[in-house]
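Engineer: Chains as they are written, first to last, in the UniProt record's numbering: chain A, 1 to 285; chain B, 1 to 276.
Keep in mind the hints are simulated off the structure, nothing from the lab. Since this is a predicted model, take the numbers as computed values, not measurements. There may be inaccurate statements among the hints.
Said to hold, decoys possible - Simulated pairs of lysine-lysine, DSBU-like, Cα-Cα distance not exceeding 35 Å:
no.	chain 1	residue 1	chain 2	residue 2
1	A	Lys161	B	Lys101
2	A	Lys277	B	Lys263
3	A	Lys119	B	Lys58
4	B	Lys263	A	Lys179
5	A	Lys119	A	Lys195
6	B	Lys136	A	Lys179
Stated by the list, open to error - Away from chain B, derived, C-beta distances all over 10 Å, residues of chain A:
no.	residue
7	Ile93
8	Ile177
9	Asp178
10	Leu203
11	Phe236
12	Ile245
Backbone N, C-alpha and C define an ideal beta-carbon position, used for all residues, glycine too.
Residue-level listing of the chains:
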Amino acid sequence: MNKKKIYSAWFLVPTLVIFTGLFILPMVTSLFFSLTVWDLKNFTFVGLENFKMFFSEGSLNIGIRNTLLYAVIGCSLKVTAGFLIAVFLTSNIRTKNILRSVIFFPNLVSTIAVGITFKALMHPTKGLINSALGAVGLRGADWLGNARTALFSVLSVEAWKGVGVATVIFIAGMQAIDKTYYEAASIDGADGWQKLKNITLPLCRPAMNSVILLAFIGGMRSFDLIWSMTGGGPGFATDVLASVIYKQYAEGFYGLSTAGNVIMFILIAFIAFPLQKFLMKGEVD
Amino acid sequence: MKNRKRLCLLGDIVGMLAAGIIFIIPFLFIFLNSLKGRREANLLDLSLPSVWEWGNYKAVFEANNHIILTAFKNSFLITLGAIILLISFSSMSGYVLQRRKDRLTRAVNVMIMTGLMIPPAILPTIWIMKGIHIYKTLAGIILIEVALQTPFTIMLFRGFMGSIPTELEEAGVIDGCSPFSLFRQVIFPLLKPVTSTVVILNSVTIFNDFMNPLYFMPGSKNATVQLTLYNFMGQYSSSYNLLFADVMTITVPMLILFIIFNKKIVDGMVAGAVKG
Numbered sequence: 001m002n003k004k005k006i007y008s009a010w011f012l013v014p015t016l017v018i019f020t021g022l023f024i025l026p027m028v029t030s031l032f033f034s035l036t037v038w039d040l041k042n043f044t045f046v047g048l049e050n051f052k053m054f055f056s057e058g059s060l061n062i063g064i065r066n067t068l069l070y071a072v073i074g075c076s077l078k079v080t081a082g083f084l085i086a087v088f089l090t091s092n093i094r095t096k097n098i099l100r101s102v103i104f105f106p107n108l109v110s111t112i113a114v115g116i117t118f119k120a121l122m123h124p125t126k127g128l129i130n131s132a133l134g135a136v137g138l139r140g141a142d143w144l145g146n147a148r149t150a151l152f153s154v155l156s157v158e159a160w161k162g163v164g165v166a167t168v169i170f171i172a173g174m175q176a177i178d179k180t181y182y183e184a185a186s187i188d189g190a191d192g193w194q195k196l197k198n199i200t201l202p203l204c205r206p207a208m209n210s211v212i213l214l215a216f217i218g219g220m221r222s223f224d225l226i227w228s229m230t231g232g233g234p235g236f237a238t239d240v241l242a243s244v245i246y247k248q249y250a251e252g253f254y255g256l257s258t259a260g261n262v263i264m265f266i267l268i269a270f271i272a273f274p275l276q277k278f279l280m281k282g283e284v285d
Numbered sequence: 001m002k003n004r005k006r007l008c009l010l011g012d013i014v015g016m017l018a019a020g021i022i023f024i025i026p027f028l029f030i031f032l033n034s035l036k037g038r039r040e041a042n043l044l045d046l047s048l049p050s051v052w053e054w055g056n057y058k059a060v061f062e063a064n065n066h067i068i069l070t071a072f073k074n075s076f077l078i079t080l081g082a083i084i085l086l087i088s089f090s091s092m093s094g095y096v097l098q099r100r101k102d103r104l105t106r107a108v109n110v111m112i113m114t115g116l117m118i119p120p121a122i123l124p125t126i127w128i129m130k131g132i133h134i135y136k137t138l139a140g141i142i143l144i145e146v147a148l149q150t151p152f153t154i155m156l157f158r159g160f161m162g163s164i165p166t167e168l169e170e171a172g173v174i175d176g177c178s179p180f181s182l183f184r185q186v187i188f189p190l191l192k193p194v195t196s197t198v199v200i201l202n203s204v205t206i207f208n209d210f211m212n213p214l215y216f217m218p219g220s221k222n223a224t225v226q227l228t229l230y231n232f233m234g235q236y237s238s239s240y241n242l243l244f245a246d247v248m249t250i251t252v253p254m255l256i257l258f259i260i261f262n263k264k265i266v267d268g269m270v271a272g273a274v275k276g
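Let's have the full structure, built from the sequences with the hints guiding it.
Structural biologist: Given below as structure tokens:
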């Protein structure tokens with residue numbers, strides 16, 4: 001049987017045309033255009049000027065810092081909360097299917113809709129969150145209006161929306177664990193905490209790796225939620241790379257915007273690829 | 001044993017309460033406020049509407065010359081178009097990539113892997129789209145969505161191909177099938193389970209996509225559902241009732257989809273994540 005003939009390379013052609021034309025080619029040309037000032041028609045080569053500007057200008061480089069913060073904190077929140085909820089939902093409670101659906105559903109709702117809803121819930125004077133805190137005697141805050149809390153407020157919504165996916169991945173991982181391990185441990189007199197630490201956690205590693213990678217890469221690229229909740233404000237307090245790229249594009253600084261895009265590629269490539277290698281190496285069979 | 005049961009019941013109660021407060025209240029909040037009068041809704045509280053204003057929904061549909069209908073039509077066409085192309089092209093690619101292991105397929109696999117992680121380069125993409133005259137067109141955004149969802153879709157198809165025995169193809173070759181009709185008539189029908197996962201997951205992603213239409217299909221005539229919602233946010237900043245009615249209009253289709261395909265969606269997401 002001639003493999004090359006049956007599994008003809010022609011099958012790949014439509015995909016390759018669209019994917020290289022509209023993804024790979026822009027990616028490669030962006031390396032060049034990030035070194036220019038251009039308006040989509042004419043360009044002037046300026047060397048590394050755009051990158052210098054990006055790193056020196058406070059309103060631009062805050063995007064790099066916030067992107068990393070957003071990815072790391074968002075990822076940790078989803079991993080921790082997702083793991084704990086999954087442990088809870090794999091126990092013998094009766095409502096686990098309903099609860100799983102309820103926690104998962106926000107993931108399907110448009111991010112813009114979620115942003116609008118939580119912007120209203122976090123309203124500094126009328127918002128439900130502050131009213132609820134007031135009712136139990138706590139003082140609320142201007143969650144999105146204060147430069148120090150704004151990024152964390154958006155992050156909490158990010159976790160609210162994304163924890164469902166983390167949870168279902170963990171649940172799948174936990175259900176795949178052989179029950180006999182737990183039985184053996186019970187006979188040896190292990191308590192619940194020991195079982196969690198010595199059986200569930202290590203054997204969930206593949207699931208955990210998926211959650212970490214998904215959440216981290218998603219966090220690095222995030223735009224919709226931040227854009228609908230704060231627009232990068234107050235000031236530049238919640239600007240991430242994706243929103244800086246959009247702002248520079250809207251202002252007509254195309255070279256700068258493209259440089260932002262290239263910085264994002266480099267960050268993701270230099271963190272996500274090694275992260276993946278590292279995580280996969282540590283997996284237990 | 002009795003103690004354990006009691007503990008589980010407590011778990012049920014605590015779980016339902018927490019889920020109710022954290023996950024249900026936001027939706028209840030949107031629903032109730034979408035049915036209030038303007039002044040009442042602007043208080044942003046959880047009370048029941050004093051008058052149930054179902055007319056809010058009518059107002060949302062009539063706003064800006066029925067823009068929301070155009071938006072739904074556009075979003076629907078984009079989603080449908082992109083999914084048809086994704087299924088046709090990615091299933092073929094996933095098939096070949098799983099069956100054939102040589103330099104070519106290794107190179108393609110690396111490209112696909114890159115596409116799973118790296119975001120699109122916005123401005124050069126606009127530049128290319130302008131060059132081939134598809135910028136600000138439905139066809140253009142459909143091709144963009146196809147390009148961006150291709151890596152994930154191929155991964156699902158490639159993963160599923162692993163469970164289909166090669167004997168079928170061997171039999172087909174002996175019967176004199178051409179490579180394409182072998183795929184069309186023997187393999188593609190067997191991919192049905194993963195195809196339906198692909199349809200559901202991609203519909204959700206593409207229908208909810210905000211960033212790509214924002215960049216690649218700007219202009220008031222080219223509204224998509226998510227863009228209209230975003231513009232409503234600016235326009236109705238003082239009429240929360242209408243804003244929330246719009247949010248509801250967009251959320252309900254997803255809720256219906258979720259109720260029908262609950263298991264399929266959850267399993268699909270898990271499969272996609274774990275194989276990636």
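Engineer: Please write out, lowest number first, the hints stated earlier that are contradicted by the structure.
Structural biologist: As far as the earlier hints go, 1, 5, 6, 7 and 12 are violated by this structure, in ascending order.
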